[in-house]
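Read top to bottom, the protein sequences are chains A, B, C and D.
1 is the number of the first residue of the first sequence in full-length UniProt numbering; add one for each residue after it.
1 is the number of the first residue of the second sequence in full-length UniProt numbering; add one for each residue after it.
1 is the number of the first residue of the third sequence in full-length UniProt numbering; add one for each residue after it.
1 is the number of the first residue of the fourth sequence in full-length UniProt numbering; add one for each residue after it.
To be clear, the hints were calculated from the coordinates, so they are not data collected in a lab.
One thing to keep in mind: the hints can contain errors.
Repeated chains share a single entry, so a pair holds when one copy, or any two copies, can fit it.
Straight-line C-alpha distance at most 27 Å; calculated DSS-like pairs for lysine-lysine [what the hints assert, rightly or not]: (1) K201 with K279; (2) K63 with K201; (3) K310 with K201.
There are 4 protein chains.
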Amino acid sequence: MSSMIGNKLKVSIFGESHGGAIGVVIDGLPSGLEIDMNFIESQMERRAPGKDSFSTARKESDKPSVVSGLFEGKTTGSPLCAIILNEDTRSKDYSYLKYAMRPGHADYTGHVKYSGFNDYRGGGHFSGRITAPLLFAGALAMQVLENYKGILIGTRIKKIYGIADNSSFEENPETVVNIRSMDFPVIDQQAKKLMQHEILKAKEEGDSVGGVAETIILNIPAGYGEPFFDSVESKISHMIFSIPAVKGIEFGQGFNITNMRGSESNDPYYTQEGNVFLKSNNNGGILGGITNGMPVVFRTAIKPTPSISKLQETIDVSTMENTTLQVSGRHDPCIVQRAIPVIDAAAALVVLDLIMEREGEIFFNKTKGDI
Amino acid sequence: MSSMIGNKLKVSIFGESHGGAIGVVIDGLPSGLEIDMNFIESQMERRAPGKDSFSTARKESDKPSVVSGLFEGKTTGSPLCAIILNEDTRSKDYSYLKYAMRPGHADYTGHVKYSGFNDYRGGGHFSGRITAPLLFAGALAMQVLENYKGILIGTRIKKIYGIADNSSFEENPETVVNIRSMDFPVIDQQAKKLMQHEILKAKEEGDSVGGVAETIILNIPAGYGEPFFDSVESKISHMIFSIPAVKGIEFGQGFNITNMRGSESNDPYYTQEGNVFLKSNNNGGILGGITNGMPVVFRTAIKPTPSISKLQETIDVSTMENTTLQVSGRHDPCIVQRAIPVIDAAAALVVLDLIMEREGEIFFNKTKGDI
Amino acid sequence: MSSMIGNKLKVSIFGESHGGAIGVVIDGLPSGLEIDMNFIESQMERRAPGKDSFSTARKESDKPSVVSGLFEGKTTGSPLCAIILNEDTRSKDYSYLKYAMRPGHADYTGHVKYSGFNDYRGGGHFSGRITAPLLFAGALAMQVLENYKGILIGTRIKKIYGIADNSSFEENPETVVNIRSMDFPVIDQQAKKLMQHEILKAKEEGDSVGGVAETIILNIPAGYGEPFFDSVESKISHMIFSIPAVKGIEFGQGFNITNMRGSESNDPYYTQEGNVFLKSNNNGGILGGITNGMPVVFRTAIKPTPSISKLQETIDVSTMENTTLQVSGRHDPCIVQRAIPVIDAAAALVVLDLIMEREGEIFFNKTKGDI
Amino acid sequence: MSSMIGNKLKVSIFGESHGGAIGVVIDGLPSGLEIDMNFIESQMERRAPGKDSFSTARKESDKPSVVSGLFEGKTTGSPLCAIILNEDTRSKDYSYLKYAMRPGHADYTGHVKYSGFNDYRGGGHFSGRITAPLLFAGALAMQVLENYKGILIGTRIKKIYGIADNSSFEENPETVVNIRSMDFPVIDQQAKKLMQHEILKAKEEGDSVGGVAETIILNIPAGYGEPFFDSVESKISHMIFSIPAVKGIEFGQGFNITNMRGSESNDPYYTQEGNVFLKSNNNGGILGGITNGMPVVFRTAIKPTPSISKLQETIDVSTMENTTLQVSGRHDPCIVQRAIPVIDAAAALVVLDLIMEREGEIFFNKTKGDI
């Protein structure tokens, strides 16, 4: 039961890196939602490899085909399935990895869990490539949130290998949308250069780096989420840790809140023209697991790409002996910029599910069908 | 659908701070498990308030009564329900909080979500008190894991208001168990004094502080968990963010891994006598969402107790005007030490669920009943 | 994972016949619903034993205590837990049943599943007594459906031991409600006498009989339910087969529809004043798994009470030898009339869940809390 | 949330009759299971239309492509997705059905639920064609049950339009398997002729008939299932009512048990060589929701195919006026024989889920992968 998530909106992803196809089934979408495939493809394009020197030169054809759930450009209310055929897979690149376990990857844990029957080629179902169908589903959710609820989601690179962009994200809501059009979404252009420098340096050395992404969800009203087990933090973190390479998440001030006094960290309320606001957003828009009307803000720690060209110590599971491994082929010296649209998408799926949990299938004022 | 969690082992908590009772239903426990109520009560005692000057002087009778699912000291296989009656609740303490929303608490978000019908007394269902039944369920899971699988879980205070205990936790496995007997579980005694000093200082000023807890799960074999949506990180973070006041979680090196190169963060494998080990544990015992045989290590950021005696700005939801609020009564100047056994318990519930997902209801070699 | 059901409205029952208490947790109820406990208790009274000569003389105190989720007579939105303490249990009546498996009961299957650790006294968690908390939850749902949606549910005895009441139920909607006030809810008084005669005859002979219940759900609009796995029939049947002793269910014409031609069984549509009606209701108000606006009609087959006084052949699981068994004590010669309010309640839970799936937590126009 | 089912083994179907493709995702399959695609295709062939005069002449290419989860002939443990491309769909046949609601079909209920946005062509997602991917998943489960657990499932036609086959099914276990090779699986050849005669008579008149299927599950041991909400009857009925046209289900003696006394319907136990047996099987192999070691037996009522050539009264949803409708094109005069392998498959999915619930992912002794 590995690959399904959601309460009202159920998302199920499938596929292996070098299998016939990868894809996603989205079950529970209301009917009558207009879907703009161009928007979805533009988001998927952001994740696609081979665009510049900061990511792998490997090309993937991430063109999705919708085979169900869409009729005359609108959702039918039945499960929507999108499929991406696998191409340019070069299986022979990976054959030598059948027994030598790549450190930092899921090779060994997958080998144990699946008793050696997993498809080891390219990481199989553990491959970052499987985030493409997740991105598809989430980009669809993003446009539904924007068009029907006015909710905007954006993610920027906050840090790469210790280089931070200290400019404010939350206080510039327009950047939340603008940032989506950047290939390397950093606000402070000076920090951007330093980050890219670190990536290229690591690349030259056959090594890799990671970083921190910061996400903001704007215009989500107060009252969504649940106390305890379906807290907004619980649901978002569950989803975000599904993305390969994520090792940490924090909301609002996050770990830094432990350096504050309660009198500082408590966000004071005030009213203006009958509306309720908070003077600060240390809690990242969530109190008691429920949105408070402020932007939801979270940061995600993404580890250095485990695929590196350097010689590494490992084991051979066929002989159960120690060995070394040098992963040849095309690698991402940094995966953070490609993970950004996946995080956007993942967050959008959670928010749409939250809304549907509260408002049901009929959460938006749709006009009736063509009759 | 706020208060249920788990795939195979379903835990459902109920109750409000000042209602008739709080409790928990655990559904899916195998039959024939011997339960030592003394161990459970000793864990609950760790959370109980009123023990020392670092927590509130309020007394709570947290004595649980098991009303089903236990027969002659062993689980029956039917849902196990434990109930804790509410006493010493002093409802009048809270009456003035009906309309004035306490900053940092769930008063306002609960008010919006439940349209003003929530039980506002003492935070109602949002109260930290509702972690007592969660702790009950988790302490039960802890002893099942220890007795039937040899899996040990322990949590220590890593940081309070910036004061860190830099001694190693992971490398001293015996402390994982020993630390449970400490009221204030810090390994480095010098750090402990400084932390306690900070708490008392905050208390004197009517303020509060938070901190970071570090949890270690020992002896969990490789192969548990799932790729993507039921990754071990996903399941643990989902559960941990259910605990009030948690604002961040990280596994292994966590956020610090973004300061490393891939060649450093990748944990190399080696074999010894046919067993597989890793030379480091930067990934916190989890790769691709699945345990790798190393200890699972995570850290939890806990915010300063939102209940403080200082004057705070807020709103009155009956008049929708700005107002100020001074929360009288007995507060915890720091909640971290009381949250420690709750984190242990929460982690235990996840681990038991992971094991049952893989091994079913018959995961242990139980001897047949008395016939 | 035995005892939870529901998508949006989750119901979890617990307890054993002779344990400390039985009860139910209802998770997902919207806040602000006015609950009339008298109505709930009047429904529970209908199931209570000891009322007349057609059921067991055993008395049970089925008085429920609500310990959470209700505040000032309205739901809080948090889990609502109701508890019924066990009294008058006479454990010694059952001690000889520890090893001798009663035919027709779950003694043997429970013994195998739980490896002999189940609480055998009075059937433990398998006892019909555990339907009391289910009835509590369902009676609560019934009044919510009536008060906020105008949906009415009623169940009558259609058949006892081959004696049928051939009067129409569906065409007399007022009887749907009136029938609830009858102890032995049969419409045709002549059939009623014959049925009761059969029950008493069986009782005299230490034997038992079963029958068929017919349920009607009025005023449920078209459009609820799902194609395939959450069809209305799927959800109702799943719930109804949870009630002990149920062996069959059919919707509309049910099994009899297999004796019809398509031209007869297809229910023709017609419109009147802009509304859509069907000229017949052979499909029992459901097409493609979704309500069509007609009354939902189903019939439930209930087997003869397995507890009889006659000598029966069985096995002793301690010696694994053949033996005989004579069940002494107080038995129900017929359980159908006591099952009637449980079926009502079970159906109500499904309907409320269907509505909340579609319309969310905010399915009714509630007035805001007292501010 | 229409189209997913299962606790441990999750099955998700998608597709519309005239969309791009239909398919299924099976999530939770253990790794290393050998899959024989020929067996699956032979089962799918049984459902395929166009074989003889008893079903529609319409041809469908039901050739499934497995795009994930299978590697070198064995399951990988990752989600298995199979896709069937839609061909020979003749969309224009259905264009006139956009507004005229076919009686007995889901046209109207789908129209209401999806506000007119559903894909009306050929019934869209409600089409019986969507049972093809369900059958795929279930046929896979059937062979896993047979090969790894020795559990056999077979379904026969018990009745067509009142003509019954009174020969015993349960007492001839070998027929359980043999019957699968029959196109029209009736045991009594005389009854078979009469049934086929009725079908052809209805066909000539542009009408249709239905019938009753009887299913038997052999060699399922005692102890599977749950009390109350996951009773075996609950799970099987939930699944079976997902199949279009099903209007009733009964287990063991089913509705007939209401004509028996308790002393007749209780199945007596006896032991022989340390094993436990029952002298009769009135309860259909299930007591208290749990298997008792006897064959699980159930019967399913299938209504006459709603598609008939006769003139029918209905409404036009564009004008909201009364109209008449004559459904042209190729119809099944009887759908029962085509539903038989779908029922087999559906039952197999439930049984495999039951086993995995109890025994986990590692329920069978698999040999390790090729290392």
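How the hints compare with the structure:
1. K201 with K279: Intra 42 Å, inter 26 Å, cutoff 27 Å: inter-copy only.
2. K63 with K201: Neither: 32 Å inside a chain and 51 Å across chains, both beyond 27 Å.
3. K310 with K201: within (14 Å within a copy, 51 Å between copies)
When the structure is compared with the earlier hints, a violation turns up for hint 2 alone.
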